[in-house]
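With chain A held as given, fit chain B onto it using these hints.
Each chain is listed here by its residues.
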Amino acid sequence: MSMPPVIQTEEIATARHPMAEAWEMFRGNHAAMVALVVLTLIMIIAAIGPYVYPTDPFDMVWAPFSPPGVDGFILGTDYLGRDLMAAIIHGARVSIVIGLAAAFMSVFIGVTVGALAGFYRGWVEELLMRVTEFFQVLPTLLFSMVIVALFGASLPMITFAIGIVSWTAVARITRSEFLRIRELEYVTASRASGATNAKLMFQIILPNALPPIIVQAALMVGSAILFEAGLSFLGLTDPNVVSWGQVIGSNRQYILDASYTVTVPGIAIFVTVLAISLVGDGLNDALNPKLRQR
Amino acid sequence: MIQPLLKVQNLRIELTTRDGIAPVIDDLSFDLGAGESISFVGESGCGKSMTALGIMGLLPEKIGRIASGSINFNGEELTTVSQKRLRAIRGNDISMIFQEPMTSLNPVYTVGEQIAEVLRAHQGLSKAAAWNSAIELLDAVRIPNAKRRVSDYPFQMSGGQRQRVMIAMALACKPKILIADEPTTALDVTVQAQIFDLLNDLKRQTGTAIILITHDMGAVAEMAERMIVMYAGRGAEQGPVDQIIDHPRHPYTKGLISCVPHIVADLTNERNDLTEVAGIVPPLREFGQDRCLFASRCSMVSQQCLDKRPPEMKFEAGQSSACWHAEAV
Numbered sequence: 001m002s003m004p005p006v007i008q009t010e011e012i013a014t015a016r017h018p019m020a021e022a023w024e025m026f027r028g029n030h031a032a033m034v035a036l037v038v039l040t041l042i043m044i045i046a047a048i049g050p051y052v053y054p055t056d057p058f059d060m061v062w063a064p065f066s067p068p069g070v071d072g073f074i075l076g077t078d079y080l081g082r083d084l085m086a087a088i089i090h091g092a093r094v095s096i097v098i099g100l101a102a103a104f105m106s107v108f109i110g111v112t113v114g115a116l117a118g119f120y121r122g123w124v125e126e127l128l129m130r131v132t133e134f135f136q137v138l139p140t141l142l143f144s145m146v147i148v149a150l151f152g153a154s155l156p157m158i159t160f161a162i163g164i165v166s167w168t169a170v171a172r173i174t175r176s177e178f179l180r181i182r183e184l185e186y187v188t189a190s191r192a193s194g195a196t197n198a199k200l201m202f203q204i205i206l207p208n209a210l211p212p213i214i215v216q217a218a219l220m221v222g223s224a225i226l227f228e229a230g231l232s233f234l235g236l237t238d239p240n241v242v243s244w245g246q247v248i249g250s251n252r253q254y255i256l257d258a259s260y261t262v263t264v265p266g267i268a269i270f271v272t273v274l275a276i277s278l279v280g281d282g283l284n285d286a287l288n289p290k291l292r293q294r
Numbered sequence: 295m296i297q298p299l300l301k302v303q304n305l306r307i308e309l310t311t312r313d314g315i316a317p318v319i320d321d322l323s324f325d326l327g328a329g330e331s332i333s334f335v336g337e338s339g340c341g342k343s344m345t346a347l348g349i350m351g352l353l354p355e356k357i358g359r360i361a362s363g364s365i366n367f368n369g370e371e372l373t374t375v376s377q378k379r380l381r382a383i384r385g386n387d388i389s390m391i392f393q394e395p396m397t398s399l400n401p402v403y404t405v406g407e408q409i410a411e412v413l414r415a416h417q418g419l420s421k422a423a424a425w426n427s428a429i430e431l432l433d434a435v436r437i438p439n440a441k442r443r444v445s446d447y448p449f450q451m452s453g454g455q456r457q458r459v460m461i462a463m464a465l466a467c468k469p470k471i472l473i474a475d476e477p478t479t480a481l482d483v484t485v486q487a488q489i490f491d492l493l494n495d496l497k498r499q500t501g502t503a504i505i506l507i508t509h510d511m512g513a514v515a516e517m518a519e520r521m522i523v524m525y526a527g528r529g530a531e532q533g534p535v536d537q538i539i540d541h542p543r544h545p546y547t548k549g550l551i552s553c554v555p556h557i558v559a560d561l562t563n564e565r566n567d568l569t570e571v572a573g574i575v576p577p578l579r580e581f582g583q584d585r586c587l588f589a590s591r592c593s594m595v596s597q598q599c600l601d602k603r604p605p606e607m608k609f610e611a612g613q614s615s616a617c618w619h620a621e622a623v
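First to last, the sequence lines map onto chains A and B.
Heads up: the first sequence runs through residues 1 to 294, numbered per the numbering used here.
Heads up: the second sequence runs through residues 295 to 623, numbered per the numbering used here.
Chain A on its own, in the form it takes in the complex (with noise of 0.2 Å):
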């Protein structure tokens, strides 16, 4: 019998990267798949909706509680006569960009917390978990609300808010994936090369503990746009821009007699949020190496 060929690199070299099957896995997943082209939508609404129905949210445009589809009007009008479609659509970029600048503004303060903390031990560790603790005991609604009440409620600054009261899990991730990551081969050789701390830090060990902050970060987008819409509704938002939660909490007097004032919004709010789960949901399956193994 002949000795079996070596085998070739071409062979050996059909291994899959590790981002092409996350794709994979995730586009098995059809209702992460859905709610991703929903999402794909919503994003294309608050991105060019304004433009292409440019009818101002705040104008009284016809007489107020005209339901919807009546008058030509898709969604109605409020109390004020205002058009529900424009501030659904206006409202899209609001509610969008606050999510996406206090998800951004939650995964650096927790990214940056968890990193030093996991990365140094010793009394850092101490020190930035207490704090982090401090934050998380903390009753986050409560303490948001007194931060937009006694420094006003500009757009900045309810980002702010949101971003300030909900970073501690993305720092415990971080955390936990550094105390993990540290002590592999990898980084005892890259230290043995000679790389110094910051560049174990963010280039050796930030990069293969992403995967878990990912999906925080996209589930964090959704309950940014919840806080968000929490707040507006207790009326702590900026009475000059219309965001969805501004919208219920405007109309939510009228809630019995034109409950569709509140419905429509709440409505766009719930399938924004259920899009983004979902999509956090399937980004956790398909980058979760446990779950891939089928």
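In case anyone wonders, no lab produced these hints; they're calculated from the structure.
A couple of the hints might just be wrong.
To be verified - As a list, the in silico DSS-like pairs of lysine-lysine whose alpha-carbon atoms are at most 25 Å apart:
1. B:Lys378 to A:Lys199
2. B:Lys468 to B:Lys497
3. B:Lys356 to A:Lys199
4. A:Lys199 to B:Lys468
5. A:Lys199 to B:Lys301
6. B:Lys301 to B:Lys497
7. B:Lys497 to B:Lys441
8. B:Lys301 to B:Lys468
9. B:Lys378 to B:Lys356
Quick caveat: nothing in here was measured; it's all calculated off a predicted structure.
Just chain B now, kept in the frame of chain A:
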């Protein structure tokens, strides 16, 4: 006599454990000349890897520390040098390859990026120049089709190929010393032989001194000129490989050698049963006691062995053995 490249004197490394402080390296001294290859042999838990990490300044933080002794590299005292200088030395003058090729490459970067990174950090090469060097290095460690494989990710390579990439990375800056910590333990035997051939060739070409850490006597015979047998954190025996295999002066070395079938087969025609060194390495808390730590497993044990730590007995050609009965072995 010319100054050795690396001179380790009376090195003592302590680990803080639950039972207190244990000397995992206890009074170890050795020299390494330029271009020489030396081998550390011993069972798991004898302090071989700790020696390597100690030289690199990579002892586990807050747990391990160099308590006393000196590590002199090319006139520089590594035990007192600044962290910054140490980082400049690591990967550039002294580099290291690890036991597990499957996990010692970063999974999120291509092998080319990882090799190029070392070159850019230490030699200040441009991105393009470093990338080209990476291709040359992959070629030098005999990865077929280096030009294409350079942009592969580690998961696209086999274990042997990854270990070659590690070697390419370690040799990228033409270091003066390469520390190989059980480089072939995770690889199968045929690949082991290829890796050793490669290391030998590269050593001849670059003049890099090699410290090989292994528990495989066969690897020692193939790779090293001199060997140091470690037991429980202490040097048991040192000397030229041929001479030690021919006539070990420490019962532990003798035991290790008789465990390897093909070395015995060369010496005798009859088929002896494979022997083993009965017992296990003492627990860390017993390290550092003033007695021979091998005594509990030794067939030649006497009262003297239990009372006092044996001194180094010198033999011809630089062979030395820390055994009270070295003459009799």
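* To do: Please flag the earlier hints that this structure goes against, numbers listed from lowest up.
  => Of the numbered hints given earlier, the structure breaks just one, which is hint 5.
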